[in-house]
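*Asks:* Residues 1 to 151 in UniProt numbering are what the sequence shown spells out, letter by letter.
Honestly, the hints are just simulated from the structure, not real lab data. Just so you know, these numbers come straight off a predicted model, no measurement behind them. Treat each hint with caution, since some may be false.
Cross-link-like lysine to any residue pairs, in silico, SDA-like; alpha carbons within 20 angstroms at most [to be verified]:
| no. | residue 1 | residue 2 |
| --- | --- | --- |
| 1 | K87 | K119 |
| 2 | K133 | T43 |
| 3 | K133 | K67 |
| 4 | K87 | N69 |
| 5 | K87 | L50 |
| 6 | K63 | F84 |
| 7 | K67 | T43 |
| 8 | K44 | E144 |
| 9 | K63 | N136 |
| 10 | K44 | Q145 |
| 11 | K39 | G81 |
| 12 | K87 | K44 |
| 13 | K39 | K67 |
Distance ranges between label pairs, derived from CB positions [as the list claims (entries may be wrong)]:
| no. | residue 1 | residue 2 | range |
| --- | --- | --- | --- |
| 14 | T124 | G146 | 26 to 32 angstroms |
| 15 | E105 | T34 | 33 to 39 angstroms |
| 16 | M98 | G128 | 25 to 31 angstroms |
| 17 | L52 | V139 | 31 to 37 angstroms |
The beta carbon of each residue, even a glycine, is placed where N, CA and C say it ideally should be.
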Amino acid sequence: MKNLIRLSFLTCILLFNCKSQVPPQEPSNKGETTFIGTKWVLTKLNGDVLNLTKTELEQPYIKLSAKDNGVGGNGGCNSFGGTFTLKDDQQIEFSQMMATMRYCEGSSIENVFMANLQKAVSYTIVNGELTFKDENGYVLASFEQGEEKTD
């Protein structure tokens with residue numbers, strides 16, 4: 001009887017332990033393979049071509065990682081990071097982003113970019129262009145693949 005209870009207890013532990021470990025989300029199609037792990041450089045914001053001023057210190061970009069469902073990048077002045085969740089039908093959700101708090105004059109592009117990431121609910125990749133859209137299908141941000149810097 002004791003052995004049966006122990007065996008039942010061990011079985012429950014194994015079953016519940018396995019279910020509690022959720023693996024990182026893997027890309028489900030070829031379009032997403034380049035989506036995750038690629039540095040995406042911001043080219044359009046709210047559908048308009050991005051015109052950087054001298055106050056932006058870096059080209060805004062975003063990069064998603066399959067390892068930990070992490071997202072990171074730079075808004076032009078401040079680095080940021082958080083997590084993302086992929087859902088069916090090219091749906092995406094970003095966590096609240098954490099960012100450095102460096103002072104930058106005229107960082108309006110960065111402010112709009114960061115706010116738009118929070119509004120994003122879907123994405124598309126067409127002809128090498130990644131686009132995030134809001135719940136109404138409005139284009140929030142568009143990106144092209146960027147080159148990784150090596151130090």
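*Asks:* Evaluate each hint against the coordinates.
*Replies:* Against the structure, the hints come out as follows:
no.: 1; hint: K87 x K119; verdict: 15 angstroms, holds
no.: 2; hint: K133 x T43; verdict: 14 angstroms, holds
no.: 3; hint: K133 x K67; verdict: 24 angstroms, violated
no.: 4; hint: K87 x N69; verdict: 12 angstroms, holds
no.: 5; hint: K87 x L50; verdict: 28 angstroms, violated
no.: 6; hint: K63 x F84; verdict: 11 angstroms, holds
no.: 7; hint: K67 x T43; verdict: 26 angstroms, violated
no.: 8; hint: K44 x E144; verdict: 9 angstroms, holds
no.: 9; hint: K63 x N136; verdict: 24 angstroms, violated
no.: 10; hint: K44 x Q145; verdict: 13 angstroms, holds
no.: 11; hint: K39 x G81; verdict: 14 angstroms, holds
no.: 12; hint: K87 x K44; verdict: 24 angstroms, violated
no.: 13; hint: K39 x K67; verdict: 15 angstroms, holds
no.: 14; hint: T124 x G146: 26 to 32 angstroms; verdict: 18 angstroms, violated
no.: 15; hint: E105 x T34: 33 to 39 angstroms; verdict: 35 angstroms, holds
no.: 16; hint: M98 x G128: 25 to 31 angstroms; verdict: 29 angstroms, holds
no.: 17; hint: L52 x V139: 31 to 37 angstroms; verdict: 19 angstroms, violated
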